[in-house]
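Assemble the complex: chain B is given as a structure, and chain G must be docked to it using the hints.
Each chain, letter by letter, is given below.
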Amino acid sequence: MATIVIHRKKLETITPTRRRVLGIIELVVAALTVVLFMLHVQPGQVSTFVMTPGGITQGIAANWIVPVFGTMLALTILSALLGIYQLVRGFGRQTNLVLGVVAFFFIFSFLLWASAGKSLNLAGMLSASVLLAVPIVLGAFSGVLCERAGVVNIAIEGMMLMAAMIGALVGSVTKSMWVGLLAAIASSLLLALIHAVLSIKYKINQIISGTVINIFSTGLTSFLSAKFLQTYQYLNNPPVFPRVPIPLLADIPVIGPLLFNTNIFVYLMYIILVIVQVALFRTRWGLRMRSVGEHPKAADTLGINVFRTRYMAVLLGGLVAGIGGAFFTLGSVGRFDEGMTAGKGFIGLAAMIFGNWTPIGSFLAGLLFGFSDAIATRLTLLGTGIPIQFMAMAPYITTMVVLAGLVGRSMAPAADGEPYNKE
Amino acid sequence: MAPVLELKGITKRFPGVLANDHINLTLNEGEILALLGENGAGKSTLMNILYGLYQPDEGEIYVRGKKTTIVSPTDAIRSGIGMVHQHFMLIPVFTVTENVMLGAEELRAAGFLDRKKAADRIRDISQRYKLEVDPDAYVRDLPVGVQQRVEIIKLLYRQAEILIFDEPTAVLTPQEADELFAIMRELIRQGKSIIFITHKLREVLEVADHILVIRRGAVVGETVPQGADKNSLAAMMVGRPVRLEVEKRVAHVQNKVLEVRDLVVADAQKQITVDEVSFDVHAGEILGVAGVQGNGQTELVEAVTGLRMPNSGTIRLLGQDITRATPRQVTELGSAHIPEDRQRDGLVLSFPVADNTVLCTYYKPPYAKGVTMQWKKVYEDAEKLIQDFDIRTPSAKTNVGALSGGNQQKVIVAREFSRPIKLLVASQPTRGLDVGSIEYIHKRIVEKRDEGCAVLLVSPELDEIMELSDRIAVMYRGKIVTIVPADQATKAYIGLLMAGVSPEQAGAPQVGERVVESTL
Chain B
27 MATIVIHRKK
37 LETITPTRRR
47 VLGIIELVVA
57 ALTVVLFMLH
67 VQPGQVSTFV
77 MTPGGITQGI
87 AANWIVPVFG
97 TMLALTILSA
107 LLGIYQLVRG
117 FGRQTNLVLG
127 VVAFFFIFSF
137 LLWASAGKSL
147 NLAGMLSASV
157 LLAVPIVLGA
167 FSGVLCERAG
177 VVNIAIEGMM
187 LMAAMIGALV
197 GSVTKSMWVG
207 LLAAIASSLL
217 LALIHAVLSI
227 KYKINQIISG
237 TVINIFSTGL
247 TSFLSAKFLQ
257 TYQYLNNPPV
267 FPRVPIPLLA
277 DIPVIGPLLF
287 NTNIFVYLMY
297 IILVIVQVAL
307 FRTRWGLRMR
317 SVGEHPKAAD
327 TLGINVFRTR
337 YMAVLLGGLV
347 AGIGGAFFTL
357 GSVGRFDEGM
367 TAGKGFIGLA
377 AMIFGNWTPI
387 GSFLAGLLFG
397 FSDAIATRLT
407 LLGTGIPIQF
417 MAMAPYITTM
427 VVLAGLVGRS
437 MAPAADGEPY
447 NKE
Chain G
15 MAPVLELKGI
25 TKRFPGVLAN
35 DHINLTLNEG
45 EILALLGENG
55 AGKSTLMNIL
65 YGLYQPDEGE
75 IYVRGKKTTI
85 VSPTDAIRSG
95 IGMVHQHFML
105 IPVFTVTENV
115 MLGAEELRAA
125 GFLDRKKAAD
135 RIRDISQRYK
145 LEVDPDAYVR
155 DLPVGVQQRV
165 EIIKLLYRQA
175 EILIFDEPTA
185 VLTPQEADEL
195 FAIMRELIRQ
205 GKSIIFITHK
215 LREVLEVADH
225 ILVIRRGAVV
235 GETVPQGADK
245 NSLAAMMVGR
255 PVRLEVEKRV
265 AHVQNKVLEV
275 RDLVVADAQK
285 QITVDEVSFD
295 VHAGEILGVA
305 GVQGNGQTEL
315 VEAVTGLRMP
325 NSGTIRLLGQ
335 DITRATPRQV
345 TELGSAHIPE
355 DRQRDGLVLS
365 FPVADNTVLC
375 TYYKPPYAKG
385 VTMQWKKVYE
395 DAEKLIQDFD
405 IRTPSAKTNV
415 GALSGGNQQK
425 VIVAREFSRP
435 IKLLVASQPT
445 RGLDVGSIEY
455 IHKRIVEKRD
465 EGCAVLLVSP
475 ELDEIMELSD
485 RIAVMYRGKI
495 VTIVPADQAT
505 KAYIGLLMAG
515 VSPEQAGAPQ
525 VGERVVESTL
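Chains as they are written, first to last, in this note's numbering: chain B, 27 to 449; chain G, 15 to 534.
This is chain B alone, in the form it adopts within the complex (with noise of 0.2 Å):
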């Protein structure tokens, strides 16, 4: 028998164009903070950081004094070191790390120029990111969800957008929290479950699907809203989450009162993250899930129900979709408006896609989207001049930025949104 010569391709990733023009990119930004910001600061003006979020009393840390030229010179200079290293080596697999840190470095020139000479409560920024990133990640871990098994989930939004409702609606009646949690819960589950019998079982194209799910939550949510929960204050006035410190971690600066002195969605988020994140990559469950998004005859033929584990997938969505819906209303302002989730189930799509289908990329893509959120409505405070409607574009800008350019080649299952069809 002859010798057998096993190949092992290396997979290059990084086409010599796209390192080149990332390279040039980060010059490009390198550029801009000096045009932008360096040039309108004057030498001896400092900023202050506030490290301590606004109505917090544990784990106080002192404020963050920075002088402006001298930081932003030193951001400078290494972005622009990164960048020609970029463009005459590369940074092969760390490319896209690299660029993140580029990206960092202007952000945070940005906010040095914008503060300079006045006080920034970074802490309360950072701490409204998260919180703003909540419903994003959970829609991005919906995405992961459905998407990793075969079916694609464009409905999140309208799934959110339910449960914020029935949250809200069931949350003022009983009065109970938690019932709202539930219910809300319950909604989203049901519209998954839709989603699930039209484009598992009948085979319809999912966008439609997706598509229908979202303008029926969008017309009936906006109906009962205008309907009666507008009009009859007690159905919209549900008790909110409150915040839960965990002991002796919240106490700790900086670090406690943005991470473990928040409500129990923020919590849930973590929890879901390392759960999914563990489940899907070293489990069976998940690689059985996996299998089924990437080759589901491959899986059949090995008996794996590919229905059973797709339905399973979409509901687990669904749920999730729940949880990330009913923050809008039970865990943030305590009533519902019209249309509140505003596109941010389709960001989480955005997210995941960014993170690469899976649950650390979604959760830090989501990060990052909340964070330009944060900024934008932060800085509209501080006055920068920038008019307030370009700072509330932020968000959606990062979105598009990022889906057309930045990304790469990302790695979609093989078989994202192709029904199955059993012989």
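Just so you know, the hints here were simulated from the structure itself, not pulled from any lab data.
Treat each hint with caution, since some may be false.
[What the hints assert, rightly or not] Chain B stretches covered by chain G per the calculated footprint, using a threshold of three residues with CB under 8 Å from any CB of chain G:
(1) 301 to 312
(2) 315 to 328
[What the hints assert, rightly or not] What follows is a list of derived Cβ distance ranges for each label pair:
(3) B/A368 / G/L363: 43 to 49 Å
(4) B/T237 / G/N269: 55 to 61 Å
(5) G/L363 / B/I386: 43 to 49 Å
(6) G/D355 / B/I110: 54 to 60 Å
(7) G/M387 / B/K229: 32 to 38 Å
(8) G/R330 / B/A368: 55 to 61 Å
Keep in mind that this is a model prediction, so the values were computed, not measured.
Yeah, the Cβ is synthetic: ideal placement off N, Cα and C, and Gly gets one too.
Same frame as chain B, but now just chain G:
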């Protein structure tokens, strides 16, 4: 002792078709049973019944003498039956270990995977059966031959005793096929039993212990290799005597028709798949392009027919530069194209036969007058083509999609051959066809050559290339490795080149060594 597997009176009806008609089959321990039949004869249906993907309408299955009902692949696996599918059932982004253990996972507590234990088991199996493979490699990085080994390991991992190989050599180079046969023999030596499905006569004679021939859903003959030859098997398969060798006169080579110089073409993923290729095709000759599928043949053909824009290089047809020409310009210059995927690129399946016969000429008189179609003329000519090319269709109005593969291919051939052509680009012209249709298409292609047409024939079937070509070009990883006159090429030599061995290492072919093989 009872045979390992016995099928008794298996019958399966699909609407309008009797796919399996009371089939009886006996597989003894430690033997290779070849199931021979044309495409559509019902081999795959039978095996899908055995593997639990279909349910039989009548009949019984006995495994080791025990009556068994198989309603799902899980049942089949439990009964020790495993199948290597024609299209591999592997997940490219999973590792070998993950692919093998999927559905029969090694676990630690609480549903967590034990990859190490599974990998160890794979290493044991691969040593025991001489199936070398790296358990940690990703399947997408493996060559096809190794992927097939992973499929086999999948079955052994599940302790399958009866292994079904469905057309396993379709995707392999001749050398890889030989390796597979060695593996199959090793498997039966260690007590496994094999059912080998194929329509290639040579392979049957080479590897089988027992041969069962199926035609139109019924068993029409049973024999052993010692008592059979290709001609008798082919006759049994088709139901009439078949001429296996193509009758071919010496080529009468004339002027240069197609000239390709330094052609570079990239695929949809912007990967260079045709890399500085140069060759000529002359009137009256067939240039065969051999190569394992996916070595740039598809993109080469697309570039020559105007379907894909080359990155650099030139293509000339009868002296005219067609490098950047549109498909219509190329067609009007007298180029004909039989595409590799007839259903995707060759026909509009939801259109009638007649419409499909005028896809290249519908916009010109006599089929069009101003902006209106002359349907009467279209149908008149279509009726004639149906006669001339022996297209079996209820009428010219029938949708092409309703015809059999062979007849669909005849519609394409009729369309392309019914206009005056100088160049024929035929890409896998007999892919998936039955023996009768193959015979017919080959005859027609050789006729065109003799009429003075230049033919560029692309096929991964080495036998087809050897049989039809006057000169043979071998493509490997986007390059044409060499071009040799067909009478100087041996199958082994071309096979080595196809596998990436350089011409120097493969050794010059020796004149007279060539053995004419049939396509079957």
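Consistency of the hints with the structure:
1. 301 to 312: holds (count 4)
2. 315 to 328: holds (count 10)
3. B/A368 / G/L363: 43 to 49 Å: At roughly 45 Å between Cβ atoms, G/L363 and B/A368 fall inside 43 to 49 Å, so the hint holds.
4. B/T237 / G/N269: 55 to 61 Å: holds (60 Å)
5. G/L363 / B/I386: 43 to 49 Å: holds (45 Å)
6. G/D355 / B/I110: 54 to 60 Å: For G/D355 and B/I110 the Cβ distance comes to about 48 Å; the hint is violated.
7. G/M387 / B/K229: 32 to 38 Å: Roughly 36 Å apart at Cβ, these two residues keep to the hinted range, so it holds.
8. G/R330 / B/A368: 55 to 61 Å: holds (60 Å)
Violated hint: 6 only; the structure is consistent with all others.
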